[in-house]
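Let's have the full structure, built from the sequences with the hints guiding it.
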Amino acid sequence: MTSSTTAHPADSTAVAVTELTIGGMTCASCAARVEKKLNRIDGVTATVNYATEKARIEHPPEVGVDALIATVVRTGYTAEEPPPPEPEPAAAPEEPEPAPDPGLASLRQRLTVSALLSAPVVLLAMVPGLQFDNWQWLSLTLAAPVVVWGGLPFHRAAWTNLRHGAATMDTLVSVGTLAAFGWSLWALFLGDAGMPGMRHGFDLTVDRSAASSAIYLEVAAGVVTFILLGRYLEARAKRKAGAALRALMELGAKDVAVLRGGAEVRVPVAALRTGDLFVVRPGEKIATDGTVTEGASAVDASLLTGESLPLDVTAGGDVTGGCVNVSGRLVVRATRVGADTQLARMAKLVEDAQNGKAEVQRLADRISAVFVPVVLLLALGTLVAWLLLTDDPTASFTAAVAVLIIACPCALGLATPTALMVGTGRGAQLGILIKGPEVLESTRRVDTIVLDKTGTVTTGRMRLAGVRVYGGKYGTDATDETELLRLAGALEHSSEHPVARAVAAGAAERCGELPVPKAFENVPGLGVRGSVDGRLVLVGRAALLAAEGVEVPSGAEPGAVHVAWDGVARGTLTVADTVKDTSAEAVARLRGLGLRPVLLTGDHTAVAEAVAAEVGIDEVIAEVLPEEKAEVVRRLQAEGRTVAMVGDGVNDAAALATADLGLAMGTGTDAAIEASDLTLVRGDLRVAADAIRLARRTLATIKGNLGWAFGYNVAALPLAAAGLLNPMIAGLAMAFSSVFVVSNSLRLRRFT
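So for the sequence shown, my numbering puts the first residue at 7; every next one is plus one.
What the hints contain is simulated information worked out from the structure, not anything from laboratory work.
It cannot be assumed that every hint is accurate.
As the list claims (entries may be wrong) - 30 Å max Cα-Cα, derived BS3-like pairs, lysine-lysine:
1) Lys42 <-> Lys709
2) Lys42 <-> Lys291
3) Lys586 <-> Lys60
4) Lys291 <-> Lys260
5) Lys60 <-> Lys42
6) Lys709 <-> Lys586
In structure tokens:
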């Protein structure tokens, strides 16, 4: 997520991670300054995000949090650790509305007053027919509070930055508006602009009137108002952008009915401990992750996974905190609480992703960091050049102020974080967790997707797929399918092996009640043997039969379960993994994204090829040992392919980490999820296609935002320097460039 920093040798393996909330940042250059100062501390690697107003800092333990906060304060901003979540009250009959943002309310008040006062000033300046004798003094009376009070946040920030030897976007706004206001005061009190009967025209380009009679009150008031409007719309949009994450973090239950001494006691969720038994009635949210001990119900997990159909759960089944119990009463034993729950981990993953920066954003940050000083020099150069070329102080001043005001780099700073906030938040709503912005770059380049078979393309649950009875000399006693299944199923019923369970279940389904073996022995790695209905029965690999001196016919399917009794091979049973109903559609969607699917499995080639044919995959790599999966990924990469890997097991973790893009099924193991770049909360392969589409859409939005932001500044600065932009029009354009970037990002909320 951030560039690495060499830690102290003594603490090379010990790194603490601290998150700080940064206050007082008003543009991307502010974030760049704070980040630069923090990264100057020995052993510290910091990422500061302007949109989320947070810093994520990796630091050696000897660098304390107080030292980090002090560094931020010395830079001219405030910093504090986010407060821990407060426990909810025990009784919460109705969930209160989210508290209003005081900063947003203050900004709205400042904007409203400034707009009401500046509107007449702008109208009087733009429409000469409205100008009456001494109109300029009314304009001064109305404009002064706007410039002084309305623009106070800009002036205060500019002064703070000046004290720390820095310049930001606030510096540009403050210098530009105060210069326009100061010029107007000079012209009114010391020049000819204060004379009764003075009239003032308006031009979209620079004004070439006499210097002593030119006033810029409409520029000073209008620019402050337009930028306040841009800030307000930007703040509202940023709040909307983070709405999905806030909704995710507020998804959990507030209180829970815990069983204590056989009685239900209502306590806050924060008081719940691992191992506690709690009751969930129909319509209630499940308080935390757990295992059902009593009851059966349907559970609505749509807010967590995006899956619309309720899931049936019974005793022994696992449930996730934040889901809604639809029908029956459940008693659940808590298995994970607090920050360990799936909901909390999802929220943390999303928040970490939103705090990160893509490589393309780092370029924008580097530009923003040097942009403001360059603009100040450019404005000074514009002033001097116009004076030398035209000897017209009014036009020279107008062009210089326009350069100051048009050049805000805010859109650059907002381009990536806002798209990331909306994209990752929307992903969380759909059950897709994007771990970081660098993941987006990977999705664009991927051309091959490797799919683990068991648990990804298939359910991971074995079933009896086929029965073959031998004829000829092997069938002299007229063995039939029913007899084969009865005897094999009876013996396998005593085994815990997944294949044995599938055989026993299939036999019971087809034959009804199975006989009870008189003797049973498990032969590790080979199969089972025992006595059923007075016959010595063998069920397992061909090697088991060979070891007992039983001749095995040629032509048996690889991986088939062999059955023999009384020294004669009687037939084979084929056990197969069940293909998920959605896998074929998912593979078609992945192909539609330009990806080449590859099925990777440790299973037998014949079994793997049958599954591949069923779902529409042409390339199969089978009989691969778990430790060889990562090597297969490396081999594909060596062929020039950019590889995505989808898996769910511990044996997939190395391959997921090796792949250019790792996607873990959320129904899988923690090791797989930790090693992946994208986590699919639902065990549905179709979500993998959705995840890649969303990641690509988010990346395209980021690039569109940056293209607009770069293009805007590149095009606008020469226009302003050439005198083709009135400063007030420049202020309006600058304010709405940021609004455009944020609004473009918000379109991701409609992704389906």
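Next item on the list: Would you list, in rising numerical order, the hints stated earlier that this structure does not obey?
Entry: 2, 3 and 6
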